[in-house]
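Student: These protein sequences, in sequence, are chains A and B.
Letter 588 of the first sequence, counting from 1, is numbered 587 in numbering that gives the first Met the number 0, and no numbers are missing.
Letter 117 of the second sequence, counting from 1, is numbered 116 in numbering that gives the first Met the number 0, and no numbers are missing.
Treat the hints with care, since some could be wrong.
For the chain B half of the interface with chain A, some residues (derived, Cβ under 8 Å), not all of them [claimed, not checked]:
#, residue
1, PRO132
2, VAL160
3, SER203
4, LYS214
5, GLY241
6, ALA269
No more than 30 Å apart at the CA atoms, straight line, and that leaves these computed lysine-lysine pairs for DSBU-like [unchecked claim]:
#, chain 1, residue 1, chain 2, residue 2
7, A, LYS701, B, LYS217
8, B, LYS298, A, LYS616
9, A, LYS701, B, LYS301
10, B, LYS110, A, LYS701
11, A, LYS725, B, LYS297
12, A, LYS475, B, LYS208
13, A, LYS475, B, LYS209
14, B, LYS87, A, LYS701
15, B, LYS297, A, LYS721
16, A, LYS304, A, LYS354
17, A, LYS475, B, LYS230
18, B, LYS214, A, LYS626
19, A, LYS648, B, LYS297
20, A, LYS605, B, LYS159
21, B, LYS159, B, LYS214
22, A, LYS144, A, LYS63
Since the hints were derived computationally from the structure, they do not count as laboratory data.
No experiment lies behind these values; they were computed from the predicted model shown.
Here a beta-carbon is modelled for each residue, glycine too, at the ideal position from N, C-alpha and C.
Listed below, chain by chain, are the residues.
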Amino acid sequence: MPPLKRLMSLLGPGGKSEAGPAGPDTVKSSKNNEVINLKVFVCTCNGEIKLPEDMNFGDGVEVKVIDDIKEIGSVGNDKVVIAGPTPRVLEKFFDSPNVEFVNIREQVAWVGHSPAKIKDLIQGAVDKLKNSEPVEKKTFDIKNKSALVIGGGVAGLETARQIADSGIKVHLVEKTPFLGGTVAKLDRLYPGGTPNSHTLYPLINEVVRNDNIEIFTNSDVESVEGGLGNYKVKVKTRGNVVEGKLDKKCEEVCPVTVNDDGIDRKAIYYMPTHPDSYGIDFDSCNKCGECVKVCGEISLDEAEKSLDVGAIVIATGLKDYDASQITEYGYGKYPNVLTKLEFERKFSNGEIKPKSVVIVNCAGSRDKNHLPYCSRVCCLLGLKEAKLIKDNSPETDVYINYIDMRSYGPFEDFYNTVRENYGVKFIQGRPSEILQDNESLVVRSEDILLGKNVETRAEYVVLMTGFVPDNEMFQKLGIPANGEFPVEYVNSCRSVDANPRGIVIAGAAAFPKGVAETVTDARESAVEVINVLNKDFIPKKTPTATINSDICSEADCRICTSACPYGAVALQGEEVTVNDELCMGCGICTATCAAGANQLDGHSDKGTLAQISGTVKEGDVMAFLCKWSSYNAADKAGYEKLSYPENVKIIRVPCTGRVDAQMILKAFSSGAKGVMIAGCPPDACHYFTGNFKARKRVTALKQLIEQFGINPEALRIEWIGKDESKRFVDIVNDLNSGEGG
Amino acid sequence: MAEGEKLKLAICRGATCSGCDIAVLDIHERILTVLEHADIVFAPTIMDAKYKDVEAMADGEIDVCLYHGSVRDSENEHMAKLMRQKSKTLIAFGACACFGGIFGLANVTNKEEIFEEVYKNTPSTDNPDFVTPQPEYKDEAGHELTLPEFYDDVFALDDKVDVDYFLPLCPPTPDLIMTAINAIVSGELPPKGATIASDKTLCSECERKKADTRKIDKIYRPHEVELDQEKCFLDQGVLCMGPATRAGCGTICINGNVPCRGCSGPTKEAFDQGGNMLNLIATIFGVKEEELTEEEVKKIFKQIKDPLGTFYRFTLPKSMLRRVRKGGAKNE
Chain A
0 MPPLKRLMSL LGPGGKSEAG PAGPDTVKSS KNNEVINLKV FVCTCNGEIK LPEDMNFGDG
60 VEVKVIDDIK EIGSVGNDKV VIAGPTPRVL EKFFDSPNVE FVNIREQVAW VGHSPAKIKD
120 LIQGAVDKLK NSEPVEKKTF DIKNKSALVI GGGVAGLETA RQIADSGIKV HLVEKTPFLG
180 GTVAKLDRLY PGGTPNSHTL YPLINEVVRN DNIEIFTNSD VESVEGGLGN YKVKVKTRGN
240 VVEGKLDKKC EEVCPVTVND DGIDRKAIYY MPTHPDSYGI DFDSCNKCGE CVKVCGEISL
300 DEAEKSLDVG AIVIATGLKD YDASQITEYG YGKYPNVLTK LEFERKFSNG EIKPKSVVIV
360 NCAGSRDKNH LPYCSRVCCL LGLKEAKLIK DNSPETDVYI NYIDMRSYGP FEDFYNTVRE
420 NYGVKFIQGR PSEILQDNES LVVRSEDILL GKNVETRAEY VVLMTGFVPD NEMFQKLGIP
480 ANGEFPVEYV NSCRSVDANP RGIVIAGAAA FPKGVAETVT DARESAVEVI NVLNKDFIPK
540 KTPTATINSD ICSEADCRIC TSACPYGAVA LQGEEVTVND ELCMGCGICT ATCAAGANQL
600 DGHSDKGTLA QISGTVKEGD VMAFLCKWSS YNAADKAGYE KLSYPENVKI IRVPCTGRVD
660 AQMILKAFSS GAKGVMIAGC PPDACHYFTG NFKARKRVTA LKQLIEQFGI NPEALRIEWI
720 GKDESKRFVD IVNDLNSGEG G
Chain B
0 MAEGEKLKLA ICRGATCSGC DIAVLDIHER ILTVLEHADI VFAPTIMDAK YKDVEAMADG
60 EIDVCLYHGS VRDSENEHMA KLMRQKSKTL IAFGACACFG GIFGLANVTN KEEIFEEVYK
120 NTPSTDNPDF VTPQPEYKDE AGHELTLPEF YDDVFALDDK VDVDYFLPLC PPTPDLIMTA
180 INAIVSGELP PKGATIASDK TLCSECERKK ADTRKIDKIY RPHEVELDQE KCFLDQGVLC
240 MGPATRAGCG TICINGNVPC RGCSGPTKEA FDQGGNMLNL IATIFGVKEE ELTEEEVKKI
300 FKQIKDPLGT FYRFTLPKSM LRRVRKGGAK NE
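Chain A on its own, in the form it takes in the complex (with noise of 0.2 Å):
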């Protein structure tokens, strides 16, 4: 039996509102109750603006007719209406969440609806900021003002470099005992080949010179703790050498011999990189003690370091999928079917002179079975290899099997060229599957440019696998990937509407890249870093959601975890909260919460109801169009002097997403005929998700409504783009006619 007591406790005040579960007519009770005191300005826009005659909006509401919305000057954090031209114009001059637009020009006056439409707009804004709590503004503190840079790659290294320059200081932490990253692995570097170190040896150069950079190799980032602006992060060094101490006599006592992506080294070895100093792959290494024994400035010993930062940047490149899993190419079984990077490690090495090569491109990708996705570069590595063998070799049979060749952009030059030039012969079909046949591999596939299945002997067969994340930092820092390339959190991160982030993902860990554009992808991140650490505090950009802990505490049922497009929404420990840097803003949370704990700061539930309540009128249309497009296209109604019927009224809404049934509902229950909801194209919603959410409400409601006799064709969800502003009208006008769809 649970304890009367804590039954007791429950009895908190406020237990029931006062209008009841039906809804709140809380308009009228903050009249009855309490002024509140709230300025609405009206501008003429120099008298082109006819305004109704009655400008009472009730109590405690002062109302002050202007010509020119720079009267207006500074509102503060107040709540103020301004009615005038469209928030698009006025959001230039206004940034609070506490201001609400009217649109009196482009969807009344433009549109030549009369001045009684004026009245009910506002009203319906005042009582919207009535039934609103103030917004305050949130700033993040920017403490900490030094980064952390995860991975000593291409990426890492121009990242590290370009905040380094401009005098923040940059922990920079790589993984493995050397700097380099995969392409120190790599030989030559397409589309001319040049050897890596034309591009690696100045930019290893240039960091360890730069005294802003502090390097830790064979370090990992053990645990991160804390937000934007002020980090505390935990890095393990896992052992070095000191450096300078070039003695071969280590690696000859250890005993442990690896592959290293096709060439073999012992656990202790040395790469011309950085530092200059054998390092100890610890992977490997079983601690034996061996190379201790002969050289006494090795350690074995762990190392711990507690670094503040205020942002972080993920520069951790990408893993190659593991070509075993593409069974029918005998990877791991036929030694001579090699990967991209064994093969020109090997080739280039000098270990194998192959008579004969079959280069097999899209291996495993473009493929459900396996990646769904291009991984963009491999065309482009596939044609590097061919002509590293025939640089080398010209007599060497070279051939590449394809699907399509992407050679995008100035690369095209580079593919004529290898198929011109050098020999190399190309078979566009997708082998089905490759045979040991004695000495020689056999690659059987189709050739759709002679319409017959084909047969490829080569003593060699180098598969172009494509890449996967490497996810361990973003699980660690909670960047929500879902195992895949993290390319919603980047998109978001680069969007200007987007709060500043405290965490950058640069290079290929984003998705994969060649090294030219990992060096622009690079600065472009170093520029956001930069951004952020040269300020104390930064404003918070985008309204956000917040959760009463009142109604929703204790893991809860949680469904908007599984709303949120952006992971913003997210449990943490026992509660659910909202990371104030993930959210963009879209309310789509908010819609789905079934018990009103979500609230979106300026589209709170009470407010966008009561705003419903006091615009609609009996007979209207209510238009609730997505402020990224659907609204736009309303807008250009307006300046196209296109003519719509006057009872259509609009309300602005962050996202379809936003609309929720309680405001589809309350727009029936207040006397409209027909309800739409508009929102972005199919795939184009600024929230990715927020207008295939609102067509499954739509859809669900629609039925339901049916229940109650209502017409299901009077409430519509359409996607309507910012220009189409004809269809915006014909389909108000459709639903104005009451035939429905």
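Using the hints provided, position chain B relative to the given structure of chain A.
Tutor: This is chain B only, laid out in the frame that chain A set:
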């Protein structure tokens, strides 16, 4: 209340199944403790009582009245108003009084349609003249007979009279009833208008394990699947009203491996329990939402049989939708 003086308690019934009366008796031997502190002055189900006895009482003479059932006809409304007048504290007792309850589902139709069905269309009815109940009837001998007037709508108690506290659930659990009684006896009453239950959602009290990613691919009715006692119903494709429902019942249905049907009503910040729940289900229904065509989306929602009855089982008279049908967009 002076020392030693007993509370005067009334239990009044509106349109009710009487389960709420039984719920009061279900507090078991604790009723003896209650009776030490209170005299039951009016309770038609369990003792002989006449309306005129109540009418004869002074205003405010009854200390506490538990009103259960919804307001369906003029008799219910008369009694609701009478009990309000005669009682210091009026408590909406049970889901019907709080939200209209199961009876409220009749709000999808109206008096005319109900009479047509009951007094004409049912197979066992033989009523060629379509005689229906009339509020007043005078026979040939001049006798005047009256019946309560049957309303078009079913109402919650607070739609008709001022209510002090709400005690939801269908029916209220003995523990919750004792909480209310203790609060009354001790005088430690919550602010007027409070709901005597939890502020949190039912999920906050439910100990079932929830999946990391919340999604529903297919909806099952409880009899169609073998239910895992440890896992959240929604993760098993079974509709459970928990996320849209106020806690306070002690998850008794869920402990019995039966999904929540929402009898505790919405939380204080939610304004349409049924719409909200449907909305939430729609959000997580079908994972690959971007790959679905309009027709496929329609098809998956056809899996929800009777959305109105499922999602508004206890709260239809409190839904925003009810008001729609009176005006606005109508079906042809």
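Student: Hint by hint, say whether it matches the structure.
Tutor: Taking the hints in turn, this is what the structure says about them:
Restraint check, PRO132 of chain B versus chain A: the minimum CB separation of about 25 Å is more than 8 Å; hint violated. With a cut of 8 Å, the hint placing VAL160 of chain B at the interface with chain A is violated, because the nearest CB-to-CB distance is about 12 Å. For SER203 of chain B, the shortest C-beta to C-beta distance to chain A is roughly 5 Å, which falls under 8 Å, so the interface hint holds. About 6 Å separates the beta-carbon of LYS214 of chain B from the nearest beta-carbon of chain A, less than 8 Å, and the hint is met.
The beta carbon of GLY241 of chain B is positioned within 8 Å of a beta carbon in chain A (closest approach about 6 Å), and the interface hint is therefore held. A cut of 8 Å between beta carbons decides the hint on ALA269 of chain B: the least distance to chain A is about 4 Å, and the hint holds. Pair hint LYS701 of chain A plus LYS217 of chain B holds up; C-alpha atoms about 19 Å apart against a cutoff of 30 Å. With a CA separation close to 34 Å, the supplied pair LYS298 of chain B and LYS616 of chain A exceeds the 30 Å bound.
For the hint linking LYS701 of chain A to LYS301 of chain B, the alpha-carbon distance of about 11 Å falls within 30 Å, and the restraint holds. For a cut-off of 30 Å, the pair hint linking LYS110 of chain B to LYS701 of chain A stands: about 25 Å separates their Cα positions. Restraint check for LYS725 of chain A and LYS297 of chain B: the C-alpha separation of about 27 Å stays at or below 30 Å, so the hint holds. For the proposed pair LYS475 of chain A and LYS208 of chain B, the alpha carbon gap of about 24 Å is at most 30 Å, so the pair holds.
Distance restraint check for LYS475 of chain A and LYS209 of chain B: the Cα-Cα separation of roughly 22 Å lies within the 30 Å cut-off, and the hinted pair is therefore satisfied. Restraint check for LYS87 of chain B and LYS701 of chain A: not satisfied, since their Cα atoms lie roughly 45 Å apart, outside the 30 Å limit. Note on LYS297 of chain B and LYS721 of chain A: the hinted pairing holds, with a Cα-Cα distance of about 27 Å set against a maximum of 30 Å. Restraint check for LYS304 of chain A and LYS354 of chain A: the C-alpha separation of about 52 Å exceeds 30 Å, so the hint is violated.
Distance restraint check for LYS475 of chain A and LYS230 of chain B: the Cα-Cα separation of roughly 27 Å lies within the 30 Å cut-off, and the hinted pair is therefore satisfied. For the proposed pair LYS214 of chain B and LYS626 of chain A, the alpha carbon gap of about 28 Å is at most 30 Å, so the pair holds. The hinted pair formed by LYS648 of chain A and LYS297 of chain B meets the criterion: a straight-line CA distance of about 28 Å does not exceed 30 Å. Simply put, LYS605 of chain A and LYS159 of chain B have alpha-carbon atoms about 24 Å apart, close enough for the 30 Å limit, and the pair holds.
The suggested pairing of LYS159 of chain B with LYS214 of chain B is violated, with an alpha-carbon distance near 41 Å, which exceeds 30 Å. About 46 Å separates the Cα atoms of LYS144 of chain A and LYS63 of chain A, which puts this hinted pair outside 30 Å; it is violated.
Violation of the numbered hints given earlier is confined to hints 1, 2, 8, 14, 16, 21 and 22; the remaining hints are satisfied by the structure.
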